[in-house]
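Visitor: Sequence:
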Amino acid sequence: MESDRTWKIWRTYGWRATLLIGTEFFLTFSFFMFVPYISLYVTGELGYSLSFAGLLLALRLTGQQGFMMFGGYLGDKLGYKTMMFIGFVCRGAGFAGMGFAQSPALLLFMAVIGGLGGALFSPALKSLLIYKQPKAHHKKLFSYVNITGNAGTILGPLFGVLFSAQQFPLLSMLSGLLFVLIGCTLLGLPIQQESANSDISFLSGLKRIVANQPLLMMIGLMIPYHFIHQQLFLTYPVIATKVSGSSGWIFTLVTVIVITTQMKVTAWTYRFTARQSLQAGYLILGITFLPLLAFEHVITLTVSLMGIALSVTLMQPTFHSYIVSQASSQTLGIFLGFSNLAMAVGGALGNITGGSLYEWFETNRLGGFYWAILALLSFIAYVTAKTQKQ
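Start counting the sequence shown at 8; every next residue gets the next number (the working numbering).
Hints listed in this document are in silico derivations from the structure and should not be mistaken for laboratory results. Please note that a few of the clues may not be correct.
Said to hold, decoys possible - Restricting the straight-line Cα-Cα distance to at most 30 angstroms, the calculated cross-link-like pairs of lysine-lysine (DSBU-like) are: (1) 142 <-> 84; (2) 15 <-> 147; (3) 393 <-> 249; (4) 214 <-> 84; (5) 214 <-> 15; (6) 147 <-> 84; (7) 139 <-> 271; (8) 139 <-> 15; (9) 271 <-> 15; (10) 142 <-> 249; (11) 139 <-> 214; (12) 249 <-> 84; (13) 139 <-> 393; (14) 249 <-> 147; (15) 84 <-> 271; (16) 214 <-> 271; (17) 271 <-> 142; (18) 393 <-> 271.
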């Protein structure tokens with residue numbers, strides 16, 4: 008059955024798109040076998056606070072998302088495959104180094120290096136995925152990437168949990184080597200960008216983005232989504248361990264829901280505008296946080312995880328396809344890279360303040376207020392999206 012689907016993708020979108028869709032699995036596998044355990048290692052083995060772990064994750068995320076517009080521009084200018092290779096090697100070095108760094112300064116430096124690697128390869132991969140593809144294919148291609156990426160999200164943490172906290176340096180080295188291996192493999196394949204756009208001006212591309220007010224509005228609307236989504240990697244593992252004794256199952260649950268529902272949700276979103284899809288995602292998030300206001304339990308936590316999963320299927324492919332619909336074939340990278348400022352801002356705020364807020368509320372026995380903030384943030388984003396013009 009899976010081979011039939013792969014053949015259908017190959018026949019419809021070509022071997023290059025099929026290869027990149029499969030590559031997304033190995034990228035997320037390598038990422039999620041390592042990143043979810045950073046906070047546990049930093050707070051456990053190294054003895055730092057959850058706030059420092061949040062800062063570390065925020066710096067990695069900001070280093071990646073905040074510089075993606077430059078990585079995307081370099082992909083437009085120098086070629087997407089070249090930037091993918093450089094990015095994979097850079098991320099591999101950063102991730103491997105985090106397992107052996109112990110001082111705060113060196114840990115933060117390695118986090119930035121790993122993040123910068125993502126800034127180079129991520130917009131290049133998405134750009135090459137839909138390069139020369141008809142616009143009608145874009146949302147489905149991003150949906151398939153979402154599926155394979157989430158499959159890696161399932162298996163990555165399951166593999167990572169096989170390593171003890173004392174073996175975290177070995178895990179980091181393995182993750183880093185996998186990124187380097189992926190980069191070397193892609194570099195040797197005949198993936199070609201028909202013409203690298205060497206005459207593209209970064210400022211001219213940036214001016215086109217800034218002049219597009221609906222585009223900026225959509226990017227701004229994604230900031231709360233990324234604030235909330237980052238809690239899955241910071242506070243949710245702590246809460247899941249508290250209520251169930253383990254945390255690995257939360258990633259499995261979310262990704263199984265994404266994989267099994269993504270294409271059905273994608274087909275459903277064709278009836279609506281991109282803004283309406285974002286509205287639906289925020290409404291679901293807000294509603295599913297409400298049971299946690301009463302009490303933290305496996306059941307209420309599961310409900311909120313289901314809401315996060317459905318918001319992923321509704322919002323991510325829709326958002327990416329909207330972004331590329333606003334770009335030309337010569338500015339795919341810089342548009343996709345700039346759009347990741349939403350994750351840079353929302354994710355950084357989520358990592359820095361999310362852990363601190365939860366710790367403070369828990370210390371003062373006011374845990375319900377943490378979930379009230381997430382629910383309120385979702386409903387405010389929903390109302391904002393509803394009142395804006397497409």
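Visitor: Going through the numbered hints above, which ones does this structure break? Give me the numbers in ascending order.
Guide: 3, 5, 10, 12, 13, 14, 15 and 16
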